[in-house]
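For reference, the chains in residue letters:
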Amino acid sequence: MLKIGRGGRRPNPYIPTASMADIVFLLIIFFIVTYNIEVDRAQVNLPKTRIREEIPREAAYISIDRNNIIRVSAGKEVSVPVPSAEEVHSFAANVLAANRDKEFVIKADANTPYRMVDSVIDALKQAKAKTIFLLSEQETVEGGGGR
Amino acid sequence: MKIERRQVVPEIFTGSMADVTFLLIIYFMLTTVFAASRGMDFALPEEDPTRREIEAEESIFVQVTPGGTFEIDGRAMPLSGFADYLRTMVDPGSTPPKISKPVILRPHQDAPYGAMMLAFDELRHMKDRLGLAEELNISLPTQREIENVWGALGVLDQIGMR
Chain A
1 MLKIGRGGRR
11 PNPYIPTASM
21 ADIVFLLIIF
31 FIVTYNIEVD
41 RAQVNLPKTR
51 IREEIPREAA
61 YISIDRNNII
71 RVSAGKEVSV
81 PVPSAEEVHS
91 FAANVLAANR
101 DKEFVIKADA
111 NTPYRMVDSV
121 IDALKQAKAK
131 TIFLLSEQET
141 VEGGGGR
Chain P
148 MKIERRQVVP
158 EIFTGSMADV
168 TFLLIIYFML
178 TTVFAASRGM
188 DFALPEEDPT
198 RREIEAEESI
208 FVQVTPGGTF
218 EIDGRAMPLS
228 GFADYLRTMV
238 DPGSTPPKIS
248 KPVILRPHQD
258 APYGAMMLAF
268 DELRHMKDRL
278 GLAEELNISL
288 PTQREIENVW
298 GALGVLDQIG
308 MR
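Chains as they are written, first to last, in the working numbering: chain A, 1 to 147; chain P, 148 to 309.
Simulated from the structure, these hints should not be mistaken for lab results.
Every residue, glycine too, gets a C-beta built ideally from N, C-alpha and C.
One or more of the hints may lead you astray.
What the simulated footprint calls covered on chain P by chain A, stretch by stretch (three residues with Cβ under 8 angstroms from a Cβ of chain A suffice, anywhere in the stretch; the number is not a length) [stated by the list, open to error]:
| id | region |
| --- | --- |
| 1 | 158–166 |
| 2 | 169–177 |
| 3 | 185–191 |
| 4 | 255–265 |
| 5 | 280–290 |
30 angstroms max Cα-Cα, derived DSSO-like pairs, lysine-lysine [as the list claims (entries may be wrong)]:
| id | chain 1 | residue 1 | chain 2 | residue 2 |
| --- | --- | --- | --- | --- |
| 6 | P | K274 | A | K128 |
| 7 | A | K128 | A | K76 |
| 8 | P | K274 | P | K248 |
| 9 | A | K48 | P | K245 |
| 10 | A | K128 | A | K102 |
| 11 | P | K274 | P | K245 |
| 12 | A | K48 | A | K128 |
| 13 | P | K245 | A | K130 |
| 14 | A | K102 | A | K130 |
| 15 | P | K248 | A | K128 |
| 16 | P | K274 | A | K102 |
| 17 | A | K130 | A | K48 |
| 18 | A | K102 | A | K76 |
| 19 | A | K130 | P | K248 |
| 20 | A | K48 | A | K76 |
| 21 | P | K248 | A | K48 |
| 22 | P | K274 | A | K130 |
| 23 | A | K48 | P | K274 |
| 24 | A | K76 | A | K130 |
| 25 | A | K102 | A | K48 |
Produce the complete structure using the sequences and hints provided.
Encoded structure:
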């Protein structure tokens, strides 16, 4: 009687990894394309809004954290703290001297007293900035329930 | 005796490719941040130093108090009441409805920035809420502008902003 199975050649079990490199390369391309260097890493609790417009890449950043420390970045380099809101005016003037249409982003903590934001907006107005963006988070349904 | 040479097949060694790319992936995953990249845009009006005359015009005055509550034209009002109040401000007979009065958003200096953003967001949303022909004309004067212009007019004392 013929024995089937036993003693036959069994293929060695293996996991095919040939396509691994392709998948990983695709992932890398995804990350390279979507990679965004965050110029300001100030920890803030952003206000929540429903209207949110896309901020242009390389816009200048002015952040005010929960300790009312103001940091500025022209858009490419990492933000640096400035001693007061008056310094924001000279910073903005320098940025606008290089590019008249440069957009500015104000990234401020939701609990910051408005006087800090007011002084920054005023400095930008005096420097003749044209457009500012007030950075916000998307308001969720739960967040908007109290309206 | 002739020694037979073994020909080496040329190849690019790709065995470590996956390791290298995995390391790159790990690097990108660790350094990438899900940065918030959206916000409310606001066009700043250009200051014209040659313009001296100040036109007195009716406006809708929205204030944010230090406690984070809201007032419109001196009346305390929750955010949910903005639409109903502004509906009464629609220009009579305008089709589609239009509010030509400018809206002045004036947060108190000690008001939380988050509350100001809530009010600003709600006002920007009015075009859709009320089906207006165009967005509200919202201005956000700074304290310096208020002191320069409104102070000269004596408005600050009237509205208790001094």
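Hints and how they fare:
no.	hint	verdict
1	158–166	holds (count 3)
2	169–177	holds (count 5)
3	185–191	holds (count 7)
4	255–265	holds (count 10)
5	280–290	holds (count 3)
6	K274/P / K128/A	holds (28 angstroms)
7	K128/A / K76/A	holds (21 angstroms)
8	K274/P / K248/P	holds (14 angstroms)
9	K48/A / K245/P	holds (27 angstroms)
10	K128/A / K102/A	holds (10 angstroms)
11	K274/P / K245/P	holds (9 angstroms)
12	K48/A / K128/A	holds (27 angstroms)
13	K245/P / K130/A	holds (26 angstroms)
14	K102/A / K130/A	holds (8 angstroms)
15	K248/P / K128/A	holds (25 angstroms)
16	K274/P / K102/A	holds (28 angstroms)
17	K130/A / K48/A	holds (24 angstroms)
18	K102/A / K76/A	holds (13 angstroms)
19	K130/A / K248/P	holds (23 angstroms)
20	K48/A / K76/A	holds (26 angstroms)
21	K248/P / K48/A	holds (27 angstroms)
22	K274/P / K130/A	holds (23 angstroms)
23	K48/A / K274/P	holds (19 angstroms)
24	K76/A / K130/A	holds (20 angstroms)
25	K102/A / K48/A	holds (25 angstroms)
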